[in-house]
Each structure stands twice: as C-alpha cells, then as structure tokens.
Amino acid sequence: MAEQVLTGYKKWMEDVGEQGVFFSRFFRNIFTGGFEWQEFVRQCYEIGYKSFMLVGLTSFIMGLVLILQLRPAMVDMGAESMLPKTLAVSFIREMGPVITAIICAGKIASSIGAELGSMKVTEQIDAMEVSGANPMQYLVVTRILATAIMVPILALMGDVIGLFGGYLALNFTDDLSFALYFRKCIASLEFIDLLPAIVKTIFFGFAIGFVGCYKGFHSNKGTESVGLAANSAVVTASLWIFVIDAIAVQITSILFYR
Amino acid sequence: MAEQIHSNNVAKHNPDEVVVDIEHISKSFGGNEVLRDINLQVKRGENVVVLGKSGQGKSVTIQCIVGLLNPDEGTVKVFGDVVADMDDRELKALRTKVGFLFQSGALYDSMTVRENLEFPLTRVLKMRDQAEIDQRVEEVLDGVGLLDAVDKMPSDLSGGMRKRVGLARTMIVKPEIMLYDEPTTGLDPITSREISELILNMQKKYKTSSIIITHDMECAKITGDRVVIMNDGRYIAEGSFDELQNSDNELVRSFFNETT
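Order-wise, the sequence lines are chains A and B.
Residues in the first sequence are numbered consecutively from 1, following the UniProt record's numbering.
Residues in the second sequence are numbered consecutively from 1, following the UniProt record's numbering.
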C-alpha cells in the first residue's frame, strides 16, 4: 500500500517536472527561430471561428436561464428592476469567462490532445523532429498562443450574447426596451469588472492550449493513448480553469473590491 | 544551384570515409536489454542492410544515430562527431544531413502531398523562392513516380504510395545519409520490390550512404552492399547477401531460412 502511494507520488512528481520542462521549452521557442504565422492564423481560425457557434449558443442559453431562475426571487424582494444589473455583473465577472473556458476545454483541449496524440502515435512528430524542423514551434507555440488569444475574444462575444439571452427572457414576461436593458447593463458595470475577467480568460486559454499540447505530445504509443490524451486533456484543463478562477477571484477581491 | 552544391560536396568526399561509426552501444528499456555491445561502421556511398526478426531492436540503432534515443553505453559518431554530445543546434544541423524514412511513412496527415514536401524546404532549408520549391517538389515526386498525386491528401494514398511520398519528402533535402526503418513492411511483394528498387535508384542518383532496417530478404538482396544480421540484440554475422546465405554458420543459415 505504502509502496503504491510512493510510486504514485514519484510518477506525479516526474509529470510535474516534465510539465516544467515543456513550459520552459514553449517559452524558449516563442523567442527563438521563426514564428509560424501561417499556422498561428490557421489555429486562430480553427479555435476561434469554429468554436463561436457553440460558445454563443451556450452563453445565450445561460443568460436566458439565469434570468428565468432569478426573476421569481427578485420579484419577491421587489427588486425586479435590478435583474439587468445582476445578470450583467455575474455574467461579465464570472459566468461568461468560466462557461466559455469550460466549453473550450471540452472542444479545444480534447481536439488538440487527440490531434497531437495521433501525430505522436503515427510518428509524425518524430518525423518532424528528425527532419530538423522544430515541432515545438510549429505545433505547440502556435496552438497555445492561439488559445490564449481566442478564448478571451470568445468570452467577450459570449458575454454579449449571454446578455442578449437575458434580455429575451425578461421580455417573456415584461416589456423592456432593448436600448434601456443594455443601458442598465452597461451602467452597472465598471472597468474593474471587465479587466480581471479578460485577464483571467487569457490564463484560461493558455491553460487549455498548454494542457492539450502537453497531453498530446506526451501520449504513449498505441491508439488507446490517443483517446486517453484527449480525455485527460479535458479533465486536467477543466480542473485548471477552476483553480485559476479561484486564484483570480481572490486576487481581484484583494485588489479591487475591498 | 542547390543540386550543383550537393554534387560538388559528394564529389570532394573521400569514398573510404566512415560516415556512421557505432561503437559498443547498449540500450535497455525497463530491464529489457534490446541492444548489446553493437558495433557498426558505414562508409560513404555504402548501403548497409540490418536484417533481423521484428522486435529485436533494429530500429533502436538508427534512432540512436539521429539522436531520438541515446544509448546507455557506447558512442554513436556521425561524420566524426558524437551524437550524444551535440547541443540542439548541432543536432538540428546533423538532421539536415541525415534522412529518416519511418515505417509508416509518417506523412503529416493535415497537409497535402505538396505541403508535406514543401515543409522541410521552407522550415529546414529556409527556401523562399516558390519557383525553386516547385521545381524540387516536381523533381522528387517524378523520381518516385507520383507526380499526379501532388495535390492529394495522405488519406487518399495507398500504403505503397505513402512510402514513396515519405521517401520523396526525405530525399528532397538531399541528405548524405539515409536511414530506412522497415521500408517494405506491410506491402505486397510487387510493391515491396518496387520500393526496394526505388531505394537503390535514389541511392545511385543522390549518392547517399544508407542503413536499411528490414526483415524482408528480397529488399536486403536488392539494396544491400553489405548485410548485417542481428539476433537477440547482437550482430551475429556480416558480409554480402550471397556470403551470408551460404555461410558455414548454421545459425546464420537457419536465420535465412527462418525469415524467408
């Protein structure tokens, strides 16, 4: 039993060490050699444009559902007029970034993990390496930077769509003008609501790209490991999102909301 | 221009020069010793076939030559330099001179055949002139008889075609040494023979030195100037194909019968 725990701990420590090495290789490769602009743009398209519908739909439904769930309680308290403000603050600060990141972890981290895992299994990464090309620059740097840039953009678009969902939900029962609703939303927000949310989504994006690439790059030989890489990428990236969120909320509270 | 430089380089080299020198290497994976005190020298322009059954560690030897793996003991020298002592830049420079054809062809499956072939030219040789790149792509594809497949995806190609494209992608940078990892495995006898003849033609055309890892006797017979037989992690015999086939050593002869 003790031996098993020790072996597990040793393996975990080795994995942490390998992640550290992978992280340093990633940073070194950003600044050395040529940047793969074409592949970077392609990844931005794959990650950003192709995830937009999913993020948009999820955010829309979340905005709509939040208003439907909140409304009875707010009506009871006589605070119905506070609904746009409540939705705007909760969605911009927390719900929008986290929902977008979780959706992206499911879609993007798994896709990167499976793609790179499959390339590893079929020796494409080895082939790239022995040809003298740099797979870190071509495969890893482009994907991690693309996720770190596209996830915040998706989150911002998701925020707007989520607020629109909330507007539709309010209009199921009330007659509120579109302009008034959005004026109320924007009036309730401050710059410090938006800035930490954007900054944390950059970290979410980085974690999604990094975990996907690491899991794919370090998958074992065999087709089973491709599935494992994809699965493990989603689970680990999702976990990292919540850890980063918890840290970000603490930092934001200390800096801005005291 | 690049062709001329390559030809001049080949012409000025000493044909007796040892380009790959493997000295007493051993390699284990988790207690399983796959290479035991292996020695091998390859001269410039020579084709050496390493013959042995599957799972005997043949591929590990050539992975040590390009630095994908490092031996536990012994040294691997390529062009006189110890591979294990090389830094990233030196290893990258070495890899531009050593081509590696993987068993599966290892084509990048998100790219067309043309993009696969352009990849090493633009990333490794840093070529920018599109006309020169196109000319090189057409030249090597013509060499492997697949000019028509230039815009196809790897998924649209047969196993033999993938190996041909893999060979073309490796040869496009005009390496001085070629390492073939079971180039005819999984192919029908006719395609296997075609690939073996193609390897020989490419070696003659580009004047490369080659190590061919295989368990295909016909491939060994067609391509090998010298054949080395590997058994249980050791090299047990070496010579020409005919010499080994008629060897007095029963183990060597039985090996030939066993693998054919």
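Derived from the structure by calculation, the hints contain no laboratory data.
There could be a bad hint or two in this list.
[Stated by the list, open to error] Calculated pairs, DSSO-like style, for lysine-lysine (alpha carbon to alpha carbon, straight line, at most 30 Å):
| no. | chain 1 | residue 1 | chain 2 | residue 2 |
| --- | --- | --- | --- | --- |
| 1 | B | K97 | A | K221 |
| 2 | B | K205 | B | K77 |
| 3 | B | K204 | B | K221 |
| 4 | B | K92 | A | K221 |
| 5 | A | K85 | A | K221 |
| 6 | A | K221 | B | K152 |
| 7 | B | K53 | A | K50 |
| 8 | B | K77 | A | K107 |
| 9 | A | K221 | B | K43 |
| 10 | B | K126 | B | K77 |
| 11 | B | K204 | A | K221 |
Computed from a predicted model, the values in this text were never measured in an experiment.
Right, here's what the structure says about each hint:
At roughly 27 Å between alpha-carbon atoms, K97 of chain B and K221 of chain A fall within 30 Å of each other, so this suggested pair holds. Between K205 of chain B and K77 of chain B the CA atoms are separated by roughly 25 Å; this keeps the pair inside 30 Å, and the hint holds. Taking the CA atoms of K204 of chain B and K221 of chain B, the gap is near 16 Å; set against the 30 Å cutoff, the hint holds. Proposed proximity of K92 of chain B and K221 of chain A is supported: the alpha carbons are some 24 Å apart, at most 30 Å.
Of the supplied pair hints, the one linking K85 of chain A and K221 of chain A is violated, its CA atoms being roughly 52 Å apart against a limit of 30 Å. Pair hint K221 of chain A plus K152 of chain B holds up; C-alpha atoms about 27 Å apart against a cutoff of 30 Å. A threshold of 30 Å between alpha carbons decides the hint, and for K53 of chain B with K50 of chain A the separation of about 47 Å lies outside it, so the pair is violated. Simply put, K77 of chain B and K107 of chain A have alpha-carbon atoms about 46 Å apart, too far for the 30 Å limit, and the pair is violated.
Between K221 of chain A and K43 of chain B, the direct Cα distance comes to roughly 33 Å. Violation of the 30 Å bound is thereby established for this hinted pair. For the suggested pair K126 of chain B and K77 of chain B, the alpha carbons sit about 27 Å apart, so the restraint of at most 30 Å is met. Simply put, K204 of chain B and K221 of chain A have alpha-carbon atoms about 35 Å apart, too far for the 30 Å limit, and the pair is violated.
Hints 5, 7, 8, 9, 11 from the earlier list are contradicted by this structure; the remaining hints agree with it.
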